[in-house]
Amino acid sequence: MTPETFATLLDEETRNAPAPGPDHVLAAGHRRLRRRRLTVAGIVLAAVVLGGSAAALAVPGPDRPHVVPAPADEIDELLETCRAAEQTANDPGAAVFGGADPVVTNHLSGPEPLATLEAPGGRYWPECRVGPGPAFVLAYDAETDESAPRPSTLTSPGCPPVGNDADLDCRTILLTLVTRLPEAVATVRFTTTDGQQYDAPTVRGYVEARHVFKIPDGVTYGELTAARPGDHAPSVTLTYLDASGTAIAGEDGALPPLSTYRVLGGWQHRF
Amino acid sequence: MRRSQRDAEFEAYVAAARPRLRRLAYSLCGDWHAADDVVQSALAKLYVAWPRVARAANPDAYVRRTLVRTTIDESRRPWRRETSGLDGHDRALDAPDPGRPDLVAALQRLPEMQRKTVVLRHWLGLSVAETAHDLGIAEGTVKSHTSRALAALQSLLEEVHDA
Numbered sequence: 000m001t002p003e004t005f006a007t008l009l010d011e012e013t014r015n016a017p018a019p020g021p022d023h024v025l026a027a028g029h030r031r032l033r034r035r036r037l038t039v040a041g042i043v044l045a046a047v048v049l050g051g052s053a054a055a056l057a058v059p060g061p062d063r064p065h066v067v068p069a070p071a072d073e074i075d076e077l078l079e080t081c082r083a084a085e086q087t088a089n090d091p092g093a094a095v096f097g098g099a100d101p102v103v104t105n106h107l108s109g110p111e112p113l114a115t116l117e118a119p120g121g122r123y124w125p126e127c128r129v130g131p132g133p134a135f136v137l138a139y140d141a142e143t144d145e146s147a148p149r150p151s152t153l154t155s156p157g158c159p160p161v162g163n164d165a166d167l168d169c170r171t172i173l174l175t176l177v178t179r180l181p182e183a184v185a186t187v188r189f190t191t192t193d194g195q196q197y198d199a200p201t202v203r204g205y206v207e208a209r210h211v212f213k214i215p216d217g218v219t220y221g222e223l224t225a226a227r228p229g230d231h232a233p234s235v236t237l238t239y240l241d242a243s244g245t246a247i248a249g250e251d252g253a254l255p256p257l258s259t260y261r262v263l264g265g266w267q268h269r270f
Numbered sequence: 000m001r002r003s004q005r006d007a008e009f010e011a012y013v014a015a016a017r018p019r020l021r022r023l024a025y026s027l028c029g030d031w032h033a034a035d036d037v038v039q040s041a042l043a044k045l046y047v048a049w050p051r052v053a054r055a056a057n058p059d060a061y062v063r064r065t066l067v068r069t070t071i072d073e074s075r076r077p078w079r080r081e082t083s084g085l086d087g088h089d090r091a092l093d094a095p096d097p098g099r100p101d102l103v104a105a106l107q108r109l110p111e112m113q114r115k116t117v118v119l120r121h122w123l124g125l126s127v128a129e130t131a132h133d134l135g136i137a138e139g140t141v142k143s144h145t146s147r148a149l150a151a152l153q154s155l156l157e158e159v160h161d162a
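Chains as they are written, first to last, in numbering that gives the first Met the number 0: chain A, 0 to 270; chain B, 0 to 162.
It should be emphasised that the hints constitute simulated quantities derived from the structure, not laboratory data.
Please note that the accuracy of each hint is not assured.
What the hints assert, rightly or not - A short list of chain B residues far from chain A (calculated; beta carbon distances all over 12 Å):
hint, residue
1, Arg54
2, Ala55
3, Ala56
4, Asn57
5, Asp59
6, Ala128
7, Glu129
To be verified - Simulated restraints, written as ranges between beta carbons of each label pair:
hint, chain 1, residue 1, chain 2, residue 2, range
8, A, Leu254, B, Ala11, 47 to 53 Å
9, A, Pro160, B, Leu123, 31 to 37 Å
10, B, Ala150, A, Asp198, 41 to 47 Å
11, A, Asp251, B, Asp101, 44 to 50 Å
Yeah, the Cβ is synthetic: ideal placement off N, Cα and C, and Gly gets one too.
Make a model of the complete structure from these sequences and hints.
Here's what the structure looks like:
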């Protein structure tokens, strides 16, 4: 397909837009502006009140996270589900499994269980996920030349959903990281702006981490994320540690950048 | 800036820009209702930043960046937030609903970054550098994603027509 054909077709297919719904843009802007001002004030106040009491923030109470170790039979079930998903896919890329059983390198339990695997040969490492929706497999190529400079981290409320909706009033943040790094990285350390820390060990470079961080009093997850420019994740910096616990790369400017240890998985294909 | 002046300027801008923003959002998420949600969210953010953005005379670029950086996963599940460094971690969507136009449906089957790069590059006509800036990725990555996206779209459309 040429760029010109693409542009012409897309132009035609989007031209006949249905009428938009009721226009609440200005009201939404007013609400957002008020919320931003209130939230910024709340964050500053909470930071002052909380001071350096990071230890008190370490264990969430009523917002207990839904993260528990996965039992062996759950892993078997997870793999079986993903194997079935792979076998029903008709994409030739499914051949990365090579007909042999992959090695399970890590796994996480919870409402959206996942496992990282290693295909025979070690170059491709599939990630098996269940939910939201049907099971699927993503395969990454460790030898890509398109690696990201920093592993991707995903944040969501640390509380179970309320019905089908996220609990935006939640007082905790669930942070998820799934990636593969050079084996020199033995631990990935997360540090929040208010000093909370979590160390995720790697398994031959593979790391799957889910951890719940407490949000300062007076602010909810919805308010905290809405207050950030561009609605990006609340700031969590990463530091890589070697097997002796020495920091070898980080995002604070004092250490070599994270890209010194490139992410092994720039290409992905979904089955 | 006084609020009445801000509101008047903003409303005039929204009236002019909204149709093309809806089309852009639709091409990225494949659903008009979701597109309206994404546009509304992007415009609400623009309102907050309006004095600064209007002074810099670049509301189009600001709202476009806001819109395309709202990942499809986020637009479906707006409570989730993903950091940058996503080149290798973009997620393809589930199979699209039947009844959507062919190309828009095919777009939804591409990995997120391929979908965004091809729309920004070849529909909006942004340069490689502008696309890279909007998406926060390297220029080389834009080129490879765009090339793969066009090839994949060709293949997907042939599948549809053969079926």
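Find the hints from earlier in the document that the structure breaks and name them by number, from lowest to highest. none
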